[in-house]
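J.: Chains B, X and A, in that order, give the protein sequences.
Numbered by the UniProt record's numbering, the letters in the first sequence go through residues 1 to 294 in order.
Numbered by the UniProt record's numbering, the letters in the second sequence go through residues 1 to 257 in order.
Numbered by the UniProt record's numbering, the letters in the third sequence go through residues 1 to 362 in order.
What the hints contain is simulated information worked out from the structure, not anything from laboratory work.
Among the hints, a few may not be true.
What the hints assert, rightly or not - Listed below are several chain A residues computed to face chain X (Cβ distance under 10 Å; list not exhaustive):
hint	residue
1	G145
2	R150
3	P154
4	R158
5	A171
6	A174
7	I183
8	R185
9	I190
10	A194
11	D200
12	K201
13	A204
14	V207
15	T209
16	F265
Stated by the list, open to error - One side only, chain X facing chain A, incomplete, derived with CB under 10 Å:
hint	residue
17	T64
18	T79
19	T83
20	R96
21	M125
To be verified - Once the Cα atoms are required to be at most 20 Å apart in a straight line, the calculated SDA-like pairs of lysine to any residue come out as:
hint	chain 1	residue 1	chain 2	residue 2
22	A	K282	A	A319
23	A	K282	B	F115
24	A	K282	A	K12
25	A	K12	A	A319
26	B	K163	B	H177
27	A	K282	B	Q258
28	X	K208	X	E71
29	A	K282	B	K163
30	A	K282	B	H177
31	A	K12	X	G239
32	B	K144	B	L280
33	X	K44	X	G239
34	B	K144	B	T215
35	A	K282	B	G114
36	X	K44	X	E218
37	X	K208	X	G53
38	X	K44	X	A205
39	X	K208	X	E140
40	A	K12	A	I310
Just so you know, these numbers come straight off a predicted model, no measurement behind them.
Quick reminder that beta carbons are idealized off the backbone N, C-alpha and C, glycines included.
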Amino acid sequence: MSGSLILQSVVLGVLLGGLYALLAAGLTLYFGVMRVVMIAHSAFLILAAYLAWYFTSQTGLDPLFSLIITVPLFFIAGVLMQRLLISRLRPATLTMMSVLLTFSIALIIEGMLGFVFTGTQRRIRLPYSGTSFEIFGANVAVVKLIAFVLAAASLLALYLIMKRTRFGQALRATIQHPEAARLVGVNTDRVAGYGFGLGLATAAVGGTALALDSTIYPSLHWHWIGPLMAIIVVGGLGSIPGAAIAAMVLGIGQALLQLPLGTTWAQTVFYVALFATLMLRPQGFIGGRLAQRF
Amino acid sequence: MTQTQHESSAPVSTGRSLETNGLRKSYGGVTALDGASVSFQDGKVNALIGPNGSGKTTFFNCVTGMIRADEGTTTFRGTDITTASPHRIARQGIGRSFQLCRIFPRMTVMENMLAAVRPTSVWRMIGSARDAGDQERARELLARVGIDHLEHAEARDLSYGQQKLLELAGVLMADPDTIMLDEPAGGVNPALIDRIANLIRSLNAEGKTFIVVEHNMELVMSLSDHVVVFDRGRPICEGPPSLVQNDPRVLEAYLGI
Amino acid sequence: MTASRTVNRGVKIAGLLALLALALAFPSLAPDPFILSVGVVIMSYAVLATSWNFVGGFTGYISLGHAAYSGLGGYATALLILDAGLNPWVAMFLGAAVVAVLAVPIGIASLRVRGASFVIVSIALVLIMLLVFQSWGSFTGGSNGLRVPRPFGPDVLRPEQHERFFYLHVALLAVALFVWWAIDRSRFGIGLKAIREDEDKAEALGVPTFSYKLVVFVVSAFFTALGGGLYALWFGFLDPIFQFSILVGSYMVLMSLLGGIRSLFGPLLGAVIVGYALEFFKAQYGDTQFHLVALGLLLALVVLFMPDGIIPAVGQLFARFRPQAASIREQTQAELAAQRRGEAAEAEPDDAMAVSGEEARR
C-alpha cells in the first residue's frame with residue numbers, strides 16, 4: 001500500500017464523510033425533536049436524486065438548480081408528515097410505531113419510483129463528469145468535490161440556524177428538554193414540525209449531491225439507511241455534532257478499508273462500529289444523553 | 001436471591017434504613033443534585049419536601065437506580081446499592097411509586113398485581129401466573145386499598161384515583177420494607193388523601209418504613225415523623241415536623257429571595 | 001359466573017378443534033398442487049409471524065429484521081447438510097440452535113437500551129447478512145444461491161412433497177403457538193407484558209427486564225430459524241436477496257400487527273390474510289413494483305388506524321353487543337372524564353367507590 005494511495009483514500013473518505021454527516025444530521029434532527037427513527041430518510045434521499053436526474057434530463061440544466069424546487073418541497077413535506085402522520089401516533093408507542101410508519105413510507109416511495117421511473121439504473125451525464133484534478137497528489141473528481149462543498153455548506157447553514165436564530169434556540173431547547181421548552185413558551189409542536197422539515201431538507205440536498213456522481217435505482221436507499229443509522233448511534237442519538245464526527249470517522253474508515261478489503265466488505269465498518277458502540281457505550285461515543293433513555 | 005424476600009418481610013434493625021452520601025447529578029449545565037447526603041430512619045415515616053425543581057424526584061430516581069448519579073454513594077441497610085440496577089434495588093426491599101402514577105394500562109387490575117410477584121426459581125417462572133396463593137394475597141391488598149371489586153377491569157379504565165390506589169397496592173404486592181412514594185396525594189381528591197394517609201399510617205404501624213415526597217404540607221405535618229427539606233439539590237435542614245416548620249431557612253427556600 | 005366460564009372454555013376448545021380440523025383437511029380440499037403450495041407458503045408465514053410475535057407481542061419491541069434469523073436458519077440447515085453431511089431434520093434443529101446462540105450477543109447489544117437502537121440493530125442485521133452472504137461466495141454460494149438437498153427421496157412427487165411440508169409446517173406452528181400460550185399465562189409472561197406496558201415501572205417493581213427481554217428474544221430467534229430451516233427444506237433453494245430481504249421481515253410485522261400482536265392467533269390470522277393477498281397479487285399481476293406500494297399503504301393504514309389489530313377490534317365489537325360488559329367501560333370512561341373535570345374544582349366524592357362491585361364483575 002503506497003502512501004499516495006492512502007492519501008487518496010483519506011481524501012475520498014472526507015468527501016464521502018461530508019455527505020454522510022449532512023444526512024446523519026437530518027436523521028438526528030428527527031430523533032431529537034420527536035424521538036422518531038426515520039427509516040424513510042434515505043428513501044427521500046433517493047427520491048431527491050431521482051428528481052434531480054429527471055429535472056436535468058427534462059430541462060438540460062445543471063442538477064444543482066433542482067435544489068430550488070426540491071429543498072422547499074421537502075421542507076413542506078417534512079412539516080406535513082410530522083403534523084399529519086407522526087403526531088397522530090400514541091405517545092406511549094411512538095418510537096416503535098413511528099418506525100413502522102416511516103418504514104411504510106419508504107416502501108411506498110421505493111415502489112412509486114420503480115413504478116414511475118422503472119427499475120433501470122440512472123445516471124446524470126454532465127459536461128464535467130469526467131473532469132478531475134489533483135490535491136496533494138490525490139486524484140479527486142470535480143463532481144465529488146461539488147457534492148462535498150454542497151454538503152458542507154448545508155451543514156454550516158444548519159449549524160448557523162441552530163446556533164444563531166431564535167428558531168434554532170427553540171429547536172435545541174425542544175431536543176434537550178421538551179417539557180421545559182414548553183414551560184418557557186416554546187410551541188414544541190410547531191418546532192417539531194419545522195425540525196422535521198429541516199431534516200427532510202437535508203435529504204433533498206443530499207439527494208442532489210448523490211445524483212451528481214452516482215448511479216441511482218429505487219432500492220438504493222437500503223444501502224444508505226444502514227450506515228446512516230449506525231452513524232447516529234455511534235455519535236450518540238440526538239447529538240448533531242456527534243453524528244457529524246462519527247460520519248467523518250466512519251467515512252474515512254470505510255474509504256481506507258476499501259484498499260485491503262474491497263468495497264463490499266468495507267461497508268461492514270459501519271455495522272462493526274454499531275455493535276461495538278452498543279456493547280461498550282450504548283449512549284454513543286460522542287454526544288448523546290438521550291440514548292440512555294430511548 | 002431467595003433470601004431477600006424473607007429479609008424484607010421482617011424489618012429488624014431500628015437504625016438507618018437508607019443513606020446517601022454526596023449524591024451529585026447534573027444534566028448538561030443544570031445541577032439537579034448537588035452533593036445530597038441524607039439518612040432516613042428505619043420504621044418511620046420520612047418526608048422529603050422542598051420547592052419545585054429542588055431535586056426531590058431526581059433524588060428518588062438516583063436512589064432507586066433509575067438514573068445513575070455522577071458522584072456519591074447510596075447504601076441500604078449497610079449494602080452499597082449505588083450502581084445496582086433498579087430491579088436489584090427493588091429486590092433488596094425498596095418499593096416506589098412514580099410522580100404521575102404509573103400502572104400497566106392494558107393489563108387487568110389482577111395482572112397488575114401479579115406482575116409484582118417475584119418468581120424465585122425458573123420452575124416458578126414458567127408456572128402459571130394465576131397461582132391461587134398469589135391471587136389471594138393480591139385480593140387482600142386490593143381490598144385493603146379498597147378496589148378489590150375492580151379485579152377484572154383493565155387498569156386504563158380506572159379513574160385516576162383508583163389508578164393511584166392500584167399503584168400503591170402493586171408496590172405492596174412486592175413486599176418491600178421501605179416504600180418511597182412520589183407525591184401520593186398529588187392530583188387526588190381530599191377524601192382519597194385521607195384514605196391514603198390512613199393506609200400509610202397503618203402500614204407504618206406494621207413496620208414499613210416510608211419516604212414520601214409531598215407538596216401537601218398539611219399531610220406532611222400530620223403524617224411524618226421526620227422531615228428533610230431539599231433546596232437546590234441538597235438537604236438544607238431536617239428534623240421533626242414541628243421544628244422544620246419554623247426553621248427560617250425553610251421559609252426562605254419556599255418563598256425565595 | 002363459573003357456569004359461563006365453563007361455557008366459554010367449551011367454545012374455545014371447540015373453536016380450536018375446528019381450526020385444527022380445517023388445517024388438517026386443507027391438503028385434501030385443495031383442488032390442485034399450486035393451491036397446496038400456496039397453503040405451504042401461508043403456513044410458513046404463519047410460523048414466522050408467530051415466532052416474531054414472541055418479541056413483538058410480549059415486549060412491544062418491533063423487530064424489522066427477523067428475516068435475518070429465518071435466513072440464517074435456512075442457510076444453517078443447508079450448510080449443515082451439505083458440509084457436515086447431517087440428516088436434514090437434525091440439521092434443521094441444530095441450525096436453529098446455532099442461530100439461537102448467535103442471537104444472544106445480538107440481543108445483548110440491542111436490548112440494553114430502549115426501543116430505538118433495537119430497531120436500528122434489527123434492520124442493520126438484515127443488511128449485514130445480505131452483504132456477508134452475497135460476498136462470501138465460497139461458503140454460502142454467494143449471489144448464485146445455494147441448492148438445498150431434499151429430505152424426501154426423488155420418488156416422493158411434488159404434490160406429495162407439498163402435502164408433507166404442509167403438515168410439518170402446521171406441526172411447527174402448533175408447537176410455536178403452544179409455547180406462546182404457555183408463556184402468556186406464566187409469571188414470566190406477566191413480567192414481559194409489564195415490560196411492554198411500562199418498562200421503567202416493571203423494573204422498579206423488581207422485574208429483571210433485561211434478562212426477560214433477552215430470553216424471549218432468543219426463543220423468538222430459535223423459532224424463526226426453525227421456520228426458515230423448514231421452508232428451505234421445502235423450497236430447495238436459497239438466494240441471499242430473498243432470504244435476507246427486509247421485506248420478509250416487514251411481512252412478519254404487518255401480519256402480526258394486522259391480526260393483533262397481543263392475541264395468540266393474531267399473527268396466524270394476519271398471515272392467512274396477507275399471505276393470501278400476496279400470493280393472489282403475484283399470480284394475477286406478476287412481480288411488479290406496485291406490491292411494494294400496496295404493502296406500504298397497508299402497513300401505514302394499520303399503524304395509523306388499527307394498531308391493535310383485527311382480533312381485539314372484533315372482540316370489542318362483540319363486547320358492545322353484550323350489555324353487561326359494555327356498561328363497565330362506558331361508565332368508567334364517563335366517570336374518568338368527570339373526574340378529570342372535577343380535578344380543577346378539587347371537590348369530588350370518593351371516586352374509588354364510583355364503580356360499584358356488581359358492575360365490575362363480568
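J.: Does the CB of I190 (chain A) sit less than 10 Å away from some CB of chain X?
T.: 4 Å, holds
J.: Is the hint on T83 (chain X) kept, meaning its closest Cβ partner in chain A is under 10 Å away?
T.: Because about 15 Å separates T83 (chain X) from the closest Cβ in chain A, which is outside the 10 Å limit, the hint is violated.
J.: Decide if the proposed pair is consistent with the structure: K208 (chain X) and E71 (chain X), CA atoms, cutoff 20 Å inclusive.
T.: 29 Å, violated
J.: Within a Cα-Cα threshold of 20 Å, do K163 (chain B) and H177 (chain B) meet the stated pairing?
T.: 17 Å, holds
J.: Does the structure keep K12 (chain A) and I310 (chain A) at a Cα separation of 20 Å or less?
T.: 18 Å, holds
J.: Hey, does the R185 (chain A) contact hint survive, CB to chain X under 10 Å?
T.: 5 Å, holds
J.: Going by Cβ atoms only, is V207 (chain A) closer than 10 Å to chain X?
T.: Given a least distance of 6 Å, the restraint on V207 (chain A) holds.
J.: Under the criterion of a CB-CB separation shorter than 10 Å, is A194 (chain A) in contact with chain X as hinted?
T.: Check passed: Cβ of A194 (chain A) comes within 4 Å of chain X, closer than 10 Å.
J.: Is the hinted pair K282 (chain A) and K163 (chain B) satisfied, with a Cα-Cα distance of at most 20 Å?
T.: 52 Å, violated
J.: May I ask you to test the interface hint for R96 (chain X) with respect to chain A, counting a Cβ-Cβ separation under 10 Å as satisfied?
T.: At about 5 Å, which falls below the 10 Å cut-off, the nearest Cβ of chain A leaves the hint on R96 (chain X) intact, so it holds.
J.: Given the hint that K282 (chain A) pairs with K12 (chain A), test it: the Cα-Cα distance must not exceed 20 Å.
T.: Violated. K282 (chain A) to K12 (chain A) sits at ~35 Å, over the 20 Å cutoff.
J.: Compare the distance between the alpha carbons of K44 (chain X) and E218 (chain X) with 20 Å, and conclude whether the hinted pair is satisfied.
T.: 18 Å, holds
Hint check: violations occur at hints 1, 2, 3, 4, 5, 6, 16, 18, 19, 22, 24, 27, 28, 29, 30, 31, 32, 37; the rest are consistent with the structure.
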